[in-house]
Amino acid sequence: MKEEVIVAKGLTKIYHRGSEDIHALKNVSFAIGKGEFAAIVGPSGSGKTTLLNLVGCLDTPTTGSLKLNDIEVTGSREKDLVKLRRENIGFVFQQFYLLPTLTVRENIELPLLFSKRNGYKSHIDEIVEMVGLKARAEHLPGQLSGGEMQRVAIGRALINEPRIILADEPTGNLDSATSLNIFKLFHNLNKQGLTLIIVTHNLELAKSAHKVIQLRDGEIARKTSSRSLLIKARS
Amino acid sequence: MTIFGVAIAVAVLFSLLSFNSGYEKQLSGELDSMGIHMLAVPKGCPYEAASLIIHGGVIPKYLSNSDVEEAKNIDGIEVASPMLLQQFYKDDKPHIVYGINIDDMKRLKPWWQVEGRFFSQTEDNVMVIGRSQAEEKKLKVGDVMPFGPDQIPFTVVGILERTGTQDDEFHFLPLQVAQRIFGKPDQITTIAIRVNDISQISAISKELENIPDIQVVTMTQVMGTIMNLVGSARTLLISVIIVAIIISVLGIMNTLLMSVNERTREFGMMKAIGASGLDIGRLVLIETLFITVVGGVIGLLFSALGSGLIEGFVKGIIPYSPAGKLMTPDPGLIGLCLLFSIIIGFVCGIYPAIRSSRLTPMEAIRSNLE
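Each protein sequence line maps, in turn, to chains A and S.
Residue numbering for the first sequence follows the numbering used here, beginning at 1 and increasing consecutively.
Residue numbering for the second sequence follows the numbering used here, beginning at 1 and increasing consecutively.
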């Protein structure tokens, strides 16, 4: 049995809007093993991004328990959450969020400014090459295509050598050919042992995952292997 | 815009402080260079009027030659030089005339250099003029021009080398000649006095005031009077500047808050990739300090380049201005203004920094999305 790096039990998230309570997640439980590739799918508003943000320690659940590498996240202080994010998690966003005044190399290097890890500078060239941007390293984001910008964002997520990569709709803004290249990149990373959790609408990407968590109205509608998702998609 | 706002605030502050310190220095230097320790003026003459005398102002009360003789008899007085100050208008311009005893003046102002020569006390219809007057009227040594209320021909026998003081603006005539052309025989506006020992100024001043017609004004009092007059204009100026600085600080803070709001998602991303609240707060503060220090440096350059214009403007609204350049770059003042820009940066940046550091990554990333 694979070592479990993420264990969620009964995660519930309620947002308050005026007097109204919005149940974004209801009693969600799952576990992700080390080196697994999981896809979170579901219609818009089903709670996919909320779940990803809880797993990424960007938000805290209203109730429930979440463990990352056996460390209980729920109720942790912000200082400890920052440390957890720095050391364990790399984030990739749909909208890339690159700093427009920094070059490709500098954007990738940015997390080192906060983690203050020494000896990682030599690692930058390696990452730039891994994401296929060696020739574009000194370009600004404005000079890149969407696919290249997402590669920069992936490089930035990798620089601190996290154990888990969380990606929120990483191909949402890309055309199908570029999306395919990004898939390949994620697959390669997964093959190297990284745990991947990707929120996606893209069934092609989801069906290549080891595990698929399908959400509907904040609840898990189905937890399945990608193979059965493939069958469902074909039917 | 933020840099520009800081630049203006610093430029204004530097100009004011620089002008103020330059003004005091120049005024003090000008009083020192008069070579006079005190002025004996007619009794009842207020200090303000006495102060006018050194700038060529005319007061309507007079001493007499006998007062001069009495003053000269007091022990400890090195020079007691009678002067008659008058002015007449020609072409709607005031012409300031000093009737002097040239031998006494040479002792009071040994640094006076003259192109041509000084007049002797017995000469008639001759004068020595200040350099600025000579340049303004394009006069040379030996020129003859109509002068005085009756426009009698006078010969310019000498032109003073530039002194950098009010003397550059005056016309100097033998005392008796001035008394005659202005119809003030035996009348004197003031007696300029230098003492042998400045520690005796107070005692000598008391003795002088025993002469029935005389009231004494020391140079320290003159300086104090002028500084008081200037002080009220300065207070008004400072009030305006304080309001301008407060408006500028609020403007800068508003711009920074807007910038922080616009960058909320950027900060959210930074938090997601490992930045702590402290990292974000520090980043905002450092950026703000950088902006304000750059603004400060630009402001200093502004005021250095535009010091002539600023000096002309401020001189126009301040009652008395010594001759010479008042705004000079003082390293201490430059440091103070840079410190001011750092303080502005800190004051303006601290609240946006705290606000941005307290954003949760979620609210930051989700901002503007809904």
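Because the hints were derived from the structure by calculation, they are not lab data.
Just so you know, not all the hints are guaranteed correct.
What the hints assert, rightly or not - A few chain A residues that face chain S, going by a derived Cβ cut-off under 8 angstroms, partial list only:
1. Tyr15
2. Arg17
3. Phe30
4. Leu58
5. Asp59
6. Gly75
7. Ser76
8. Glu78
9. Arg85
10. Leu110
11. Phe114
12. Ser115
13. Tyr120
14. Asn160
15. Arg163
16. Leu203
All figures in this text were calculated on a predicted structure; none of them were measured in a lab.
Glycine residues also receive a C-beta, built at the ideal position from the N, C-alpha and C atoms.
Run through the hints listed earlier and report the numbers of any the structure violates, in increasing order. Violated hints: 1, 2, 3, 6, 7, 13, 15 and 16; rest satisfied.
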